[in-house]
Each structure stands twice: as C-alpha cells, then as structure tokens.
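*Asks:* Start counting the sequence shown at 1; every next residue gets the next number (the working numbering).
Hints were generated in silico from the structure; no laboratory data involved.
Keep in mind that a hint or two might mislead.
[As the list claims (entries may be wrong)] Heads up, simulated DSS-like pairs for lysine-lysine below, C-alpha to C-alpha not over 30 Å straight-line:
| id | residue 1 | residue 2 |
| --- | --- | --- |
| 1 | Lys327 | Lys61 |
| 2 | Lys30 | Lys299 |
| 3 | Lys21 | Lys61 |
| 4 | Lys117 | Lys140 |
| 5 | Lys265 | Lys117 |
| 6 | Lys204 | Lys124 |
| 7 | Lys160 | Lys9 |
| 8 | Lys284 | Lys142 |
| 9 | Lys225 | Lys289 |
| 10 | Lys26 | Lys225 |
| 11 | Lys21 | Lys225 |
| 12 | Lys41 | Lys30 |
| 13 | Lys316 | Lys71 |
| 14 | Lys41 | Lys61 |
| 15 | Lys9 | Lys225 |
| 16 | Lys250 | Lys284 |
| 17 | Lys9 | Lys26 |
| 18 | Lys302 | Lys289 |
| 19 | Lys343 | Lys140 |
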Amino acid sequence: MKLVAGSRKSELAMLQTNFVKSLLKKANPKLEIEIEGIVTKGDKVLDVALSKIGEKSLFTKELEVALQEGKVQFLVHSLKDMPTTLPEGMVLSTILERESPEDAVVIRKDLADKGIKSLDQLEKTALIGSSSLRRKAQLKRKYPEFRIESVRGNLNTRLKKLDNVEKSYETEYSALILARAGLERMARQNETFVGRLSETLDTKTCLYAVGQGALAIETMATDEKTIELLSSLSHEETTLRVVAERSFMKALNGGCSAPVAVESKIKDDNILALTGGVFSLDGKESIIKTENIDLCPAKMPKIKYPFDYVGIVRGKIDKSKMYLAMKLGRELAEQLIADGAMKILEEARAANEDAAPNTFGQIFDFLM
C-alpha cells in the first residue's frame with residue numbers, strides 16, 4: 001500500500017512529517033510513504049503580522065485542497081495551527097503524544113554568552129520578538145515595560161534576525177519567545193538550535209496556546225483505510241486534553257487576534273483539569289479560571305454522541321470521555337463569559353485591528 005503525506009515546506013514542518021512517516025513505517029514495514037511539500041499563503045506573506053492576516057486557513061488551505069483532490073492521503077499539522085472548525089468532509093483522525101506545550105525563551109547569542117539566561121535578567125525596556133498576541137498580553141502582565149514586536153519567518157530566519165551577527169537587520173531583539181516543542185524538535189535535527197533554549201516560561205507567567213506541542217493528522221472523514229493505519233499513533237491523554245482546550249477556544253470564538261490561553265492535565269483517578277484565560281492586549285485585564293471533570297463517572301446520561309469532537313474523531317478512545325472533555329471546555333468558557341470575557345476579547349480584537357492595516361479582511365490569527 002502507498003500513501004502520500006502532505007506537508008508545508010518549512011524545515012520544521014518537513015521534520016514533523018518525516019517523524020510521522022518513521023512511526024508509520026515502524027508499525028507497517030511494507031507501507032510505502034511519499035511526502036509532498038506544499039507552499040501555503042502563510043509561508044508567502046512574511047511582511048504582515050499574523051494577527052493582521054484575515055484568513056482562517058492561513059497555513060492549511062493549500063494542503064487541504066490537495067487532500068480533497070486526492071493528491072495526498074493525509075496531512076501533518078502542528079495542532080495549534082488548526083481552526084476548531086474544519087472543511088466539510090475532513091477530520092483530525094489522529095493526535096500524537098504531546099511534547100512540551102510551554103513557551104520558551106531564546107536569548108540573543110551575545111547576551112547569552114555574557115551569562116544572561118532569562119527574561120528577568122534583561123533590561124526593563126528590552127525588545128522581545130513574538131508574533132503571538134497571547135504571549136504579548138501575558139508577558140505585559142509581568143514585564144510591563146518590555147517592547148514586544150512581531151517577528152515573522154521560519155525558525156531559521158527568526159534566529160538569524162535575533163542574533164543579527166552581520167548587522168543586516170535594523171531591529172535588534174534581545175530575545176524571542178517560541179513554542180518549546182518546535183525548538184526542541186529542530187534541535188534534534190539542526191545543530192544551529194542546540195543549546196539555544198534559555199528559559200522555559202512556567203504557566204504562572206504564560207499559559208500556552210490551545211493544542212501547542214501536539215501534532216495532528218488530518219484525513220478525509222470517509223478514508224477508513226488510512227484512518228485505521230494512523231490509529232496506532234493516537235495518544236489518548238493528549239487527545240482528551242486538546243479536545244477540552246479546543247472546545248474552550250471554540251466557545252469563546254478565539255484566535256490569536258483574541259488572546260486566549262490554556263493549561264490542561266489529567267490528574268489521578270481520571271480527573272481532567274483545564275485552566276483557561278483571556279487577556280487584554282496590555283495585560284492589565286484578565287480572567288483566569290480552572291475547572292475539573294471526572295472522565296469516568298459512575299453513570300453517564302443517555303445522549304446522542306457527535307461524529308467528531310471539535311474536529312477530532314475518537315478512534316479507539318471511549319466516546320463518553322471525549323464528550324466529557326468537550327463538555328469541560330465549553331462549560332469553562334461559559335464561566336469566563338459570565339465574568340465578562342467577551343468584553344475583554346472584543347476590545348482586544350478591536351485594538352489589534354486598529355494597530356495596523358488589515359490587508360486580508362476579517363482577522364484570524366493562529367496561536368504560534
């Protein structure tokens with residue numbers, strides 16, 4: 001049997017797709033897998049902050065066209081890039097085991113060589129590079145004088161902009177904030193990234209993005225053979241956690257133009273805990289709450305279970321657990337809404353829209 005996997009052409013995306021390929025080959029030695037690299041709009045538009053680009057499928061549309069046309073059988077994504085509503089007929093059929101979901105700090109090399117290893121050691125007015133409004137809003141709570149500006153490009157480009165060894169860039173950043181998982185994946189394959197993780201931000205400082213650290217595989221909902229082959233890669237705990245997170249974000253109609261952040265964990269006795277927060281862009285206003293749910297209650301009410309759970313199909317995971325995880329996210333969002341979350345989010349969206357021209361219309365920004 002032969003499968004073709006679709007992937008963005010960036011080094012990190014190809015690395016992640018090759019990782020999935022290796023896992024599939026290990027489980028199915030006779031399986032033939034090719035990788036088709038595809039350029040997306042998000043890869044082309046590098047001179048506009050992500051929060052100003054108004055297209056929901058910024059990093060996925062071209063990939064999903066190839067999937068729909070049958071040119072590829074599955075797509076490998078960073079789950080944080082995926083909207084909570086997928087194109088008709090497509091599903092996230094497999095969620096792999098999550099790596100570190102936290103955000104990481106990379107200090108400029110000359111500063112790191114002088115022993116500076118954390119944000120606390122930087123000047124109060126240091127310039128920090130991040131394309132995520134979620135990170136900016138939370139960092140402003142602890143470091144109100146930091147100047148935080150968007151920095152675009154793949155990880156290699158961003159690292160070059162940070163170190164600026166040849167002084168070819170006008171902007172001089174002191175540090176970048178990146179997803180720790182992506183940084184660690186790159187370090188396993190590219191020595192440029194080895195030893196560059198300066199600090200991991202704890203969730204008291206910065207709650208992470210919905211789905212951050214997890215890889216997702218997208219297929220056509222009717223492609224049962226491919227879905228069955230991929231099922232061996234599914235990780236139950238990760239799947240349940242991200243279903244809760246995505247349900248929370250969907251209920252808030254969140255995206256990176258609206259700073260929404262989470263933390264989730266499964267504690268002893270199948271208790272799923274979800275923390276969710278919304279923030280004003282200046283960090284001065286926030287609502288953060290935590291709720292728990294028992295994934296194995298003594299009795300479940302009789303309900304009609306959905307086909308998918310915020311775009312994710314359950315595979316071999318118990319449907320009641322999936323439903324309860326989705327319920328937790330929705331109910332936590334409802335609590336935040338009751339406390340005024342929508343006002344904060346609407347003001348954040350409006351402030352972000354006013355900050356610079358929105359070239360592509362309706363704002364939607366992926367949590368990077």
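*Asks:* If a hint holds in the structure, say so; if it doesn't, say that too.
*Replies:* For each hint, the structure was consulted:
no.: 1; hint: Lys327 to Lys61; result: holds, 29 Å
no.: 2; hint: Lys30 to Lys299; result: violated, 44 Å
no.: 3; hint: Lys21 to Lys61; result: holds, 22 Å
no.: 4; hint: Lys117 to Lys140; result: holds, 19 Å
no.: 5; hint: Lys265 to Lys117; result: holds, 28 Å
no.: 6; hint: Lys204 to Lys124; result: holds, 20 Å
no.: 7; hint: Lys160 to Lys9; result: holds, 19 Å
no.: 8; hint: Lys284 to Lys142; result: holds, 10 Å
no.: 9; hint: Lys225 to Lys289; result: violated, 41 Å
no.: 10; hint: Lys26 to Lys225; result: holds, 17 Å
no.: 11; hint: Lys21 to Lys225; result: holds, 16 Å
no.: 12; hint: Lys41 to Lys30; result: violated, 35 Å
no.: 13; hint: Lys316 to Lys71; result: holds, 27 Å
no.: 14; hint: Lys41 to Lys61; result: holds, 8 Å
no.: 15; hint: Lys9 to Lys225; result: holds, 26 Å
no.: 16; hint: Lys250 to Lys284; result: holds, 24 Å
no.: 17; hint: Lys9 to Lys26; result: holds, 24 Å
no.: 18; hint: Lys302 to Lys289; result: holds, 29 Å
no.: 19; hint: Lys343 to Lys140; result: holds, 19 Å
Violation of the numbered hints given earlier is confined to hints 2, 9, 12; the remaining hints are satisfied by the structure.
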